[in-house]
Amino acid sequence: MMSLSRRQLLASLAGAAAATVARPFPLGALASTASRSRPLRNALGNVDWMAVRDLFPLAKDWTHLSSFLFVSHPNPVAESIDYFRRKLDSDATWFEIAAFSDSEGKPFAAVKKAIAGYIGAVPEEIAYTCNTTGGLAMAYHGLRIRPNDRSGCGVRRIALYDTAASASVDQIVERVARNIRPNTRAVGVTWVHSSTGVKIPIEDIAQAVARANRGRDSADRCILIVDGVHGFANQDVDVARLGADLFAAGTHKWLFAPRGTGFLWGKRDVWQELRPTIPTFDTEGGMAVWDAWMDKQPLPPMRAAFVSPGGFIAYEHLLAIPAAVELHRTIGRDKIAAGISCFEVAGLTPDQVVKRLAEKKIRATTSPYKVSYARVSAGIMNLPAEIDLVLRELRTLT
244 MMSLSRRQLL ASLAGAAAAT VARPFPLGAL ASTASRSRPL RNALGNVDWM
294 AVRDLFPLAK DWTHLSSFLF VSHPNPVAES IDYFRRKLDS DATWFEIAAF
344 SDSEGKPFAA VKKAIAGYIG AVPEEIAYTC NTTGGLAMAY HGLRIRPNDR
394 SGCGVRRIAL YDTAASASVD QIVERVARNI RPNTRAVGVT WVHSSTGVKI
444 PIEDIAQAVA RANRGRDSAD RCILIVDGVH GFANQDVDVA RLGADLFAAG
494 THKWLFAPRG TGFLWGKRDV WQELRPTIPT FDTEGGMAVW DAWMDKQPLP
544 PMRAAFVSPG GFIAYEHLLA IPAAVELHRT IGRDKIAAGI SCFEVAGLTP
594 DQVVKRLAEK KIRATTSPYK VSYARVSAGI MNLPAEIDLV LRELRTLT
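Per the numbering used here: the sequence shown = residues 244 to 641.
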């Protein structure tokens, strides 16, 4: 009798269940244009920003300047989620068919391909996560610790600047460089501080870390880990070329991908410095972990897919990420730029500012930190007239 591994069995069942003809990944699952009232670009090729705004189901009687917190699914993303939801609802085994055969167009592979293309990387450097926090947890908890590192490990916090208004590239880089010691194994930074809106110079910090690594063995090098969520997808930058070693971001903020999605990117030679924290279900390279476990063999050389945390998730959300990337591509990454503006109003607390603006149907937030500010941020769903309105209302608060 021929014996089959679980992986082989699933693959054979998937192939049998999905008919005999493989078909390409359906474009309709990426960014359907059928429901759009008009194209996102006019006859001259210019972006129609009103058409972009109409993609978001945000309440039109409010001015929304807090969309950086959590995405309002734009229509193409919502349609893609619904497409995959119907697939899953109609057949509970569909995700296995899609994962282990070519018949459904390899939607899982399409996710990594879309993210990698957007950040200037390759799919093999991408691990799935559910958010930024999860990605950072995979990075920090996964750091490979050697026997002489197992006790006495400490975490040091440093101030990169004294005040947001006085922050400078030279000051930030000097403080990071000065605090890297011979035994420092990781430097963790946040690309855009949601507490102040300051964007720190990742490229310059990466150069400082590289200088500190000169003369070190590769196993002793200091790794630069970046919380990149508030700098990702709101500027025309290839994340993979910033110089970071590991970069975590949720895709459900500025990219407008489905809620509960994110990724951890790492340089190809950095993954060997991590260990999996949660067993993976990643079918794009991660099944080698399953095979090693079944055969009671050591893990093969470390790769990104091993770090993707396993367990069943809302696959319709994960698989709809390419729709968000396609939306950005259609608009043009070079046409998108945004940030976070944190501010104070004399005589009012941040909470009072937010409350007063809400009375005018303007959504703002406070930064939830020890030193708090009111904050606003415009995105592609906002129009110039809305910003003018907010500025007028802010002037009335003083």
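Source of the hints: derived by calculation from the structure; they are not laboratory data.
In this text, a Cβ means the ideal position worked out from N, Cα and C, and glycines have one as well.
It is possible that some hints are incorrect.
Claimed, not checked - When the alpha-carbon atoms are kept at most 30 Å apart in a straight line, the in silico DSSO-like pairs for lysine-lysine are as follows: (1) 510 to 539; (2) 303 to 613; (3) 603 to 613; (4) 598 to 356; (5) 442 to 330; (6) 349 to 330; (7) 613 to 598; (8) 356 to 578; (9) 303 to 578; (10) 510 to 349; (11) 510 to 578; (12) 356 to 330; (13) 510 to 356; (14) 303 to 356; (15) 442 to 349; (16) 510 to 303; (17) 303 to 539; (18) 442 to 510; (19) 578 to 613; (20) 510 to 613.
Unchecked claim - Across the chosen pairs, the derived CB separations fall in these ranges: (21) 292 to 634: 11 to 21 Å; (22) 535 to 614: 44 to 54 Å; (23) 573 to 635: 31 to 41 Å; (24) 411 to 587: 17 to 27 Å; (25) 460 to 408: 33 to 43 Å; (26) 578 to 634: 21 to 31 Å; (27) 484 to 457: 18 to 28 Å; (28) 462 to 535: 53 to 63 Å; (29) 421 to 627: 35 to 45 Å; (30) 573 to 425: 42 to 52 Å; (31) 292 to 481: 21 to 31 Å; (32) 388 to 604: 43 to 53 Å; (33) 628 to 409: 51 to 61 Å.
Evaluation of the provided hints:
1. 510 to 539: 29 Å, holds
2. 303 to 613: Not satisfied, since the Cα-Cα distance of roughly 33 Å exceeds 30 Å.
3. 603 to 613: 27 Å, holds
4. 598 to 356: Given that 30 Å is the threshold and the Cα spacing comes to 43 Å, the pair is violated.
5. 442 to 330: Violated - the C-alpha atoms of residue 330 and residue 442 are around 41 Å apart, more than 30 Å.
6. 349 to 330: 14 Å, holds
7. 613 to 598: Satisfied, since the Cα-Cα distance of roughly 19 Å is no more than 30 Å.
8. 356 to 578: 22 Å, holds
9. 303 to 578: Cα-Cα ~23 Å, so holds.
10. 510 to 349: It holds: about 24 Å lies between the C-alpha atoms, which stays within 30 Å.
11. 510 to 578: 28 Å, holds
12. 356 to 330: 21 Å, holds
13. 510 to 356: OK: residue 510 and residue 356 at ~16 Å, within 30 Å.
14. 303 to 356: 35 Å, violated
15. 442 to 349: 37 Å, violated
16. 510 to 303: 43 Å, violated
17. 303 to 539: Violated, at roughly 58 Å.
18. 442 to 510: Roughly 22 Å separates the two Cα atoms, so the pair holds.
19. 578 to 613: This hinted pair is violated, its Cα atoms lying about 35 Å apart.
20. 510 to 613: Violated. Residue 510 to residue 613 sits at ~34 Å, over the 30 Å cutoff.
21. 292 to 634: 11 to 21 Å: Once the Cβ atoms are compared, 19 Å apart, the range 11 to 21 Å for residue 634 and residue 292 holds.
22. 535 to 614: 44 to 54 Å: 48 Å, holds
23. 573 to 635: 31 to 41 Å: 33 Å, holds
24. 411 to 587: 17 to 27 Å: The hinted range 17 to 27 Å holds for residue 411 and residue 587, with Cβ atoms some 21 Å apart.
25. 460 to 408: 33 to 43 Å: 41 Å, holds
26. 578 to 634: 21 to 31 Å: This hint holds: roughly 23 Å between Cβ atoms.
27. 484 to 457: 18 to 28 Å: 21 Å Cβ-Cβ, so the 18 to 28 Å window holds.
28. 462 to 535: 53 to 63 Å: 23 Å, violated
29. 421 to 627: 35 to 45 Å: 43 Å, holds
30. 573 to 425: 42 to 52 Å: 49 Å, holds
31. 292 to 481: 21 to 31 Å: 25 Å, holds
32. 388 to 604: 43 to 53 Å: 52 Å, holds
33. 628 to 409: 51 to 61 Å: 33 Å, violated
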